[in-house]
Amino acid sequence: MIKIRTKLLIYFATLLLIMVAVSLMLYQNNKNAVSEYDDNFRRFLLLNEITQTTNAIYDKLTLYIIEDSPELLKEYTKNRESLIQLQKQLEDLKPYSNNIIQIKNYENMISSLLEQSDLTVLSFESGDIDLYYDNLFETELISTFIHETTLMLINEELTDYHQFYESMVEKQRITNYMGIAIIFASFIISTLFAVWFSTGITRSISTLNTAAHEISKGNFEGKDVQVSSKDELWFLSKTFNEMKRNVRQLVDEIQENSRLNQALKEMELKSLQNQINPHFLFNTLNAILKTSYIEGAERTGQLISSISTLLRYNLGNLNKTMLLNEEVEIVKEYFYIQKSRFGDRISFEINHENIDLSIPIPCLTLQPIVENAFVHGIEELEEGAKISLEIYQQEDHLIVDICDNGVGMDERTRLSLLKNEHKKMGTHQKGEGHSTGIGMQNVRRRLEIFYQKVDVMDIISSPGEGTIIRLKLPIHFKEAKDD
Amino acid sequence: MQRRMSVSLFIIGFVTLLSLGIFISSSFLKTLNINEKLTQLVAKELPTYHFVLIGEEADNDYWRLVEKGAKEAENYFDVHVEYKGPKRSNIKEHLKLIDMAVASKVDGIITQALTEEEFVPAINRAIESGIPVVTIDTDAPSSDRVAYIGTDNYYSGLLAGKALIEDTEGEVSVGIITGNFNSEHQQLRVQGFKDMIKDIERIKVVAVEESNISRLEAEQKAYQLLRTYEEINAFYGTSALDGIGIVAAKNKVNVNDLYIIAFDTLDETIKLLEGNEIHAVVVQKPFEMGFKSVEVLMESFIYQPKSIVNHTETKIIRKADLPDLETEMHLIRE
Numbered sequence: 001m002i003k004i005r006t007k008l009l010i011y012f013a014t015l016l017l018i019m020v021a022v023s024l025m026l027y028q029n030n031k032n033a034v035s036e037y038d039d040n041f042r043r044f045l046l047l048n049e050i051t052q053t054t055n056a057i058y059d060k061l062t063l064y065i066i067e068d069s070p071e072l073l074k075e076y077t078k079n080r081e082s083l084i085q086l087q088k089q090l091e092d093l094k095p096y097s098n099n100i101i102q103i104k105n106y107e108n109m110i111s112s113l114l115e116q117s118d119l120t121v122l123s124f125e126s127g128d129i130d131l132y133y134d135n136l137f138e139t140e141l142i143s144t145f146i147h148e149t150t151l152m153l154i155n156e157e158l159t160d161y162h163q164f165y166e167s168m169v170e171k172q173r174i175t176n177y178m179g180i181a182i183i184f185a186s187f188i189i190s191t192l193f194a195v196w197f198s199t200g201i202t203r204s205i206s207t208l209n210t211a212a213h214e215i216s217k218g219n220f221e222g223k224d225v226q227v228s229s230k231d232e233l234w235f236l237s238k239t240f241n242e243m244k245r246n247v248r249q250l251v252d253e254i255q256e257n258s259r260l261n262q263a264l265k266e267m268e269l270k271s272l273q274n275q276i277n278p279h280f281l282f283n284t285l286n287a288i289l290k291t292s293y294i295e296g297a298e299r300t301g302q303l304i305s306s307i308s309t310l311l312r313y314n315l316g317n318l319n320k321t322m323l324l325n326e327e328v329e330i331v332k333e334y335f336y337i338q339k340s341r342f343g344d345r346i347s348f349e350i351n352h353e354n355i356d357l358s359i360p361i362p363c364l365t366l367q368p369i370v371e372n373a374f375v376h377g378i379e380e381l382e383e384g385a386k387i388s389l390e391i392y393q394q395e396d397h398l399i400v401d402i403c404d405n406g407v408g409m410d411e412r413t414r415l416s417l418l419k420n421e422h423k424k425m426g427t428h429q430k431g432e433g434h435s436t437g438i439g440m441q442n443v444r445r446r447l448e449i450f451y452q453k454v455d456v457m458d459i460i461s462s463p464g465e466g467t468i469i470r471l472k473l474p475i476h477f478k479e480a481k482d483d
Numbered sequence: 001m002q003r004r005m006s007v008s009l010f011i012i013g014f015v016t017l018l019s020l021g022i023f024i025s026s027s028f029l030k031t032l033n034i035n036e037k038l039t040q041l042v043a044k045e046l047p048t049y050h051f052v053l054i055g056e057e058a059d060n061d062y063w064r065l066v067e068k069g070a071k072e073a074e075n076y077f078d079v080h081v082e083y084k085g086p087k088r089s090n091i092k093e094h095l096k097l098i099d100m101a102v103a104s105k106v107d108g109i110i111t112q113a114l115t116e117e118e119f120v121p122a123i124n125r126a127i128e129s130g131i132p133v134v135t136i137d138t139d140a141p142s143s144d145r146v147a148y149i150g151t152d153n154y155y156s157g158l159l160a161g162k163a164l165i166e167d168t169e170g171e172v173s174v175g176i177i178t179g180n181f182n183s184e185h186q187q188l189r190v191q192g193f194k195d196m197i198k199d200i201e202r203i204k205v206v207a208v209e210e211s212n213i214s215r216l217e218a219e220q221k222a223y224q225l226l227r228t229y230e231e232i233n234a235f236y237g238t239s240a241l242d243g244i245g246i247v248a249a250k251n252k253v254n255v256n257d258l259y260i261i262a263f264d265t266l267d268e269t270i271k272l273l274e275g276n277e278i279h280a281v282v283v284q285k286p287f288e289m290g291f292k293s294v295e296v297l298m299e300s301f302i303y304q305p306k307s308i309v310n311h312t313e314t315k316i317i318r319k320a321d322l323p324d325l326e327t328e329m330h331l332i333r334e
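Chains as they are written, first to last, in my numbering: chain A, 1 to 483; chain B, 1 to 334.
Wrong hints could be hidden among the right ones.
[What the hints assert, rightly or not] No farther apart than 27 Å at their CA atoms in a straight line, the calculated lysine-lysine pairs in the BS3-like style are these:
no., chain 1, residue 1, chain 2, residue 2
1, B, 96, A, 104
2, B, 84, A, 94
3, B, 30, A, 104
4, A, 94, B, 315
5, B, 105, A, 88
6, A, 244, A, 290
7, B, 92, A, 104
8, B, 71, A, 94
9, B, 37, A, 31
10, B, 71, A, 104
11, A, 104, B, 84
12, A, 78, B, 315
13, B, 30, A, 31
14, B, 315, A, 104
15, B, 68, B, 315
16, A, 94, B, 92
17, B, 87, A, 104
18, A, 94, B, 105
[As the list claims (entries may be wrong)] Under 10 Å between C-beta atoms, here's a sample of chain A residues computed to sit facing chain B:
no., residue
19, 26
20, 29
21, 100
22, 107
23, 148
Bear in mind the hints are in silico, worked out from the structure with no lab data behind them. Heads up, the beta-carbon is just placed ideally off N, CA and C, and yes, glycines get one too.
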């Protein structure tokens, strides 16, 4: 992750670097140009100085010969020394000149002058008037040659310098344009970068903004916020997305809980609807039971006892968790009553080969299903109707099959029973429900909520083939939520 | 909308950047070029020897050819030839250049010796200082020069006279324009000519004038001669520009039937020869002279030249000989 701060720092540093480089380049270029001008100018000064010194040598020599004073000789020697120095400097001038041959001539002329003037001094000191006069004349001649050559050299150098100057001016001009172009280019680069950078930030912020607005309106379904750059904004949007997901999950959970509560309340209401003063009914049944025993009607007594058990179970707390064997007992009681009603028209069967049936199950689960099978499946059959309850173990589940050989159901009905239709629940089932009136869907929902899993119930059926309602109960289920 | 705007902004920016980049790199290359040009001013190593060639006149076509020959010799010998000469033909100036060359301690001097009287001391001074001198074009036989390279000027005068005799019939009055009365070689050319025709009755020299080896003066003198001596029907110009000057004067006076002999194969002279304005040209070999002088001077460092006087070829050409000359000149220019 590159921080925005780092990005900005790099950006400014680069910009600064370019600017400094450009100004350095221009500065260096200027400096070079000035030094080259300087070097060139120095040549002219050198040439000028050489003629001056040459003239001085000749003047001093003439004066010395006329006046013969050691002072003048000293001055002459001094000038001579400086001319030798200047002659040496000419050597530096050579490599940069087009007039190398002239400079060589020039050097040699200076040497000739020095030789000739020395000869003059020598012959003067030896007193040979003819000789020193000749030599002095010769010296003068050479000094005029030097003077002329100087003029010519300066002329030539000026011609060269003109060319050099033109090139330098051209170079200077190009370099200046180049500098301006570089500055302009870096300006464009920095502008583009700034635009790119700021749109990167603002785009991320505006998408975050929109997403936050959606959430504040209660819409948690929107897409995640995507930020392409890997900076603080990326981190911010990542956490924002996480937060949104968490909130959505929480809301879902709350909705689920309220749905469960609604289902329970509905069931309670239904059972209340179905009890017409149940305690009065219950007491009356007990009185009838006693009377039947007194009168010796044992079968009647048995029936009344069954119905009383069923009634008591129904009147119990619906929120209570029961064990599977208790539920099976209730189903047995129910079977007994129905058996006595229909006699041989119907047969009941319960098979649970030595399985431990003490697993938790919500109250009133099996009986409504059995009742349903009875009412919808086989009530209309004239004979041979059969309802069986098969319990067996399959891996870590207890399978409870409630089978009937009745009319069965078509696929649409089957799917509608397995599908969650919260709103229809209750109203739609009301008419079709029987004594307890608790619909299949209600049972399924309760099982699902109770076991916290979805595929608790399955229905195997087709029209005319009977129906198997299959419950898959986890064996190792520990009751999680106990109110 | 905003997206499209920013995309187009980026495209424009990119294109501008690209063009700026191209501009910057091309300018950079240009500055590099200039730098290279500036450093190219650095001269190469000088050859071991340094000769000075002093011509009669610096910017003269004939002397330029001599220079070309000498420069050509640079390719064969370890030598640098510096060409010098007075702006206008001037003996004092010429002598000064010799003295300057001596003061410059050059390794050899190639000079024209216009007059014996003035040039011998200067040449001898140089020899005394240990600098070998070769005379070219015009000799100073009484000097201590190492050698002479050039035309046999007397012989070239003879050739001119012979051409005149061959090409003309009847009475002929000749006007002579010569470069300089003081110059040895000009005198020899006139002398040779005069000696050739002295036994021919029908040919006589009417007048001799000097042109100072200037085209304008040559024209002026020829004009005066044509005015003064109406009988002149032939001209002989002994220095390179005289022939051209004579033709110009002839055209002014409107005289036809003028037989003209010129000296040296300057481009203009050749053109006039082609146009039948000039009838014969005495050809010298300036290129060969230049080359040979350097060669002899180089040899003189090792041994005394076999012959002190080295005559280069000289001949007469007429219009018919032009093709041969063309090829020869072409070879020189190559």
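Hints, one by one, checked against the model:
{"no.": "1", "hint": "96/B with 104/A", "verdict": "holds (18 Å)"}
{"no.": "2", "hint": "84/B with 94/A", "verdict": "holds (21 Å)"}
{"no.": "3", "hint": "30/B with 104/A", "verdict": "violated (34 Å)"}
{"no.": "4", "hint": "94/A with 315/B", "verdict": "violated (46 Å)"}
{"no.": "5", "hint": "105/B with 88/A", "verdict": "holds (17 Å)"}
{"no.": "6", "hint": "244/A with 290/A", "verdict": "violated (66 Å)"}
{"no.": "7", "hint": "92/B with 104/A", "verdict": "holds (24 Å)"}
{"no.": "8", "hint": "71/B with 94/A", "verdict": "holds (22 Å)"}
{"no.": "9", "hint": "37/B with 31/A", "verdict": "holds (19 Å)"}
{"no.": "10", "hint": "71/B with 104/A", "verdict": "holds (19 Å)"}
{"no.": "11", "hint": "104/A with 84/B", "verdict": "holds (15 Å)"}
{"no.": "12", "hint": "78/A with 315/B", "verdict": "violated (61 Å)"}
{"no.": "13", "hint": "30/B with 31/A", "verdict": "holds (19 Å)"}
{"no.": "14", "hint": "315/B with 104/A", "verdict": "violated (41 Å)"}
{"no.": "15", "hint": "68/B with 315/B", "verdict": "holds (21 Å)"}
{"no.": "16", "hint": "94/A with 92/B", "verdict": "violated (31 Å)"}
{"no.": "17", "hint": "87/B with 104/A", "verdict": "holds (23 Å)"}
{"no.": "18", "hint": "94/A with 105/B", "verdict": "holds (17 Å)"}
{"no.": "19", "hint": "26", "verdict": "violated (12 Å)"}
{"no.": "20", "hint": "29", "verdict": "holds (8 Å)"}
{"no.": "21", "hint": "100", "verdict": "holds (4 Å)"}
{"no.": "22", "hint": "107", "verdict": "holds (9 Å)"}
{"no.": "23", "hint": "148", "verdict": "holds (8 Å)"}
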